[in-house]
Amino acid sequence: MDGDDDDEEDSDAMVYDLVITLEHMNDAKDPGVLHRDYIDWLCDNPGQQKHDTYYVQTVLHRLISDGTLRGFKQIHLISDGGPKHFKNKFAMRMASEFGVAWRKQYPDVAMPELQWHFYAAYHGHSLCDSHAGRAKTAVRSAQRNAQHDAGGALAIGKVPRSAEDVGHAIVDRCKSTTVQTLPAINRPDERSELRHLKAGGKGIKSYYSFRFPGEPGEVECRALSGVGEWIATTVEEKAPAAAAAAAAAPDEPRKKSTRKRMQSGRASIDDDDDYDPDIDE
Numbered sequence: 004m005d006g007d008d009d010d011e012e013d014s015d016a017m018v019y020d021l022v023i024t025l026e027h028m029n030d031a032k033d034p035g036v037l038h039r040d041y042i043d044w045l046c047d048n049p050g051q052q053k054h055d056t057y058y059v060q061t062v063l064h065r066l067i068s069d070g071t072l073r074g075f076k077q078i079h080l081i082s083d084g085g086p087k088h089f090k091n092k093f094a095m096r097m098a099s100e101f102g103v104a105w106r107k108q109y110p111d112v113a114m115p116e117l118q119w120h121f122y123a124a125y126h127g128h129s130l131c132d133s134h135a136g137r138a139k140t141a142v143r144s145a146q147r148n149a150q151h152d153a154g155g156a157l158a159i160g161k162v163p164r165s166a167e168d169v170g171h172a173i174v175d176r177c178k179s180t181t182v183q184t185l186p187a188i189n190r191p192d193e194r195s196e197l198r199h200l201k202a203g204g205k206g207i208k209s210y211y212s213f214r215f216p217g218e219p220g221e222v223e224c225r226a227l228s229g230v231g232e233w234i235a236t237t238v239e240e241k242a243p244a245a246a247a248a249a250a251a252a253p254d255e256p257r258k259k260s261t262r263k264r265m266q267s268g269r270a271s272i273d274d275d276d277d278y279d280p281d282i283d284e
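So the sequence shown is numbered by my numbering: it starts at 4 and just counts up by one.
Among the clues, some could well be false.
What the hints assert, rightly or not - Here are the simulated PhoX-like pairs of lysine-lysine, each with C-alpha atoms no more than 20 Å apart in a straight line:
id, residue 1, residue 2
1, K92, K208
2, K92, K205
3, K76, K107
4, K178, K205
5, K178, K87
6, K161, K87
7, K139, K178
8, K139, K161
9, K241, K201
Calculated directly from the structure, the hints in this document are not laboratory data.
Sequences are here, hints too, so could you generate the full structure?
Here it is in structure tokens:
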């Protein structure tokens, strides 16, 4: 369920999940064999913003530092266009800084090429969706088992309420799955003001495939994955005067966004699958 829709009294009982489905042929023991692994990145203390670009950034940096992405020549992220955390200028800027994080961790290892591809709105479901469904079923099953004749002799175990408890329930019932628990999501006190991503006179919504050469702010885009030439552009920070003017301008009403979900091709990610420990109580 979507934690963004819960009120503040229930928000501290939510566990948020960014699901990675990693498809690769990078196993030295089975060269040329396609492997599929699931990684659930759970956090029950994400902060007021809950799912946002910083959640995605935290997980991406952990995938670099823990060695998951080492050994790849290309990394294709595939996701829907959730505007809060995926398809926006902040996410593009974050992805453009992938090279900085990589070189900091592996100064002597060549950085893999990073591309990010988006589904068209309302077009199909991903491997992350199916895994998220199984994970939710696993958590609800653990909740029902723990609550069976609660307080009596037939009670089987405690209701999963924390990210750690939810992780145990998922791993126990989902094959090829590991769980990583994030104690918190790191967010700066102030977010840099960025210019909107524009390429060929069009905005970010006109493009569905992006590539990141390796320097902060550098982005290349094209309308469709695998089709056409790459168009170079940048996501730059606004000048202080421009940022101050933008901050002083009245806020425009925002449209409600649809559900958001992410996958990373050969590494797929889904971050809108939240578990409410009080369900079924």
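Results for each hint:
At most 20 Å may separate the alpha-carbon atoms for a hinted pair to count; K92 and K208 meet this at roughly 11 Å. For the given pair, K92 sits about 13 Å from K205 by alpha-carbon distance, which is consistent with the 20 Å threshold. Annotation: proposed proximity of K76 to K107 holds, straight-line Cα distance about 18 Å (limit 20 Å). Straight-line distance between C-alpha atoms of K178 and K205 comes to about 43 Å, which puts the hinted pair past the 20 Å bound.
A distance of roughly 30 Å separates the Cα atoms of K178 and K87; the hinted pair therefore is violated under the 20 Å criterion. Restraint check: the Cα-Cα separation between K161 and K87 comes to about 34 Å, which exceeds 20 Å; the hinted pair is violated. For the proposed pair K139 and K178, the alpha carbon gap of about 14 Å is at most 20 Å, so the pair holds. A C-alpha spacing of about 17 Å is found between K139 and K161, which places the hinted pair at or below 20 Å, so the restraint holds.
The suggested pairing of K241 with K201 holds, with an alpha-carbon distance near 14 Å, which does not exceed 20 Å.
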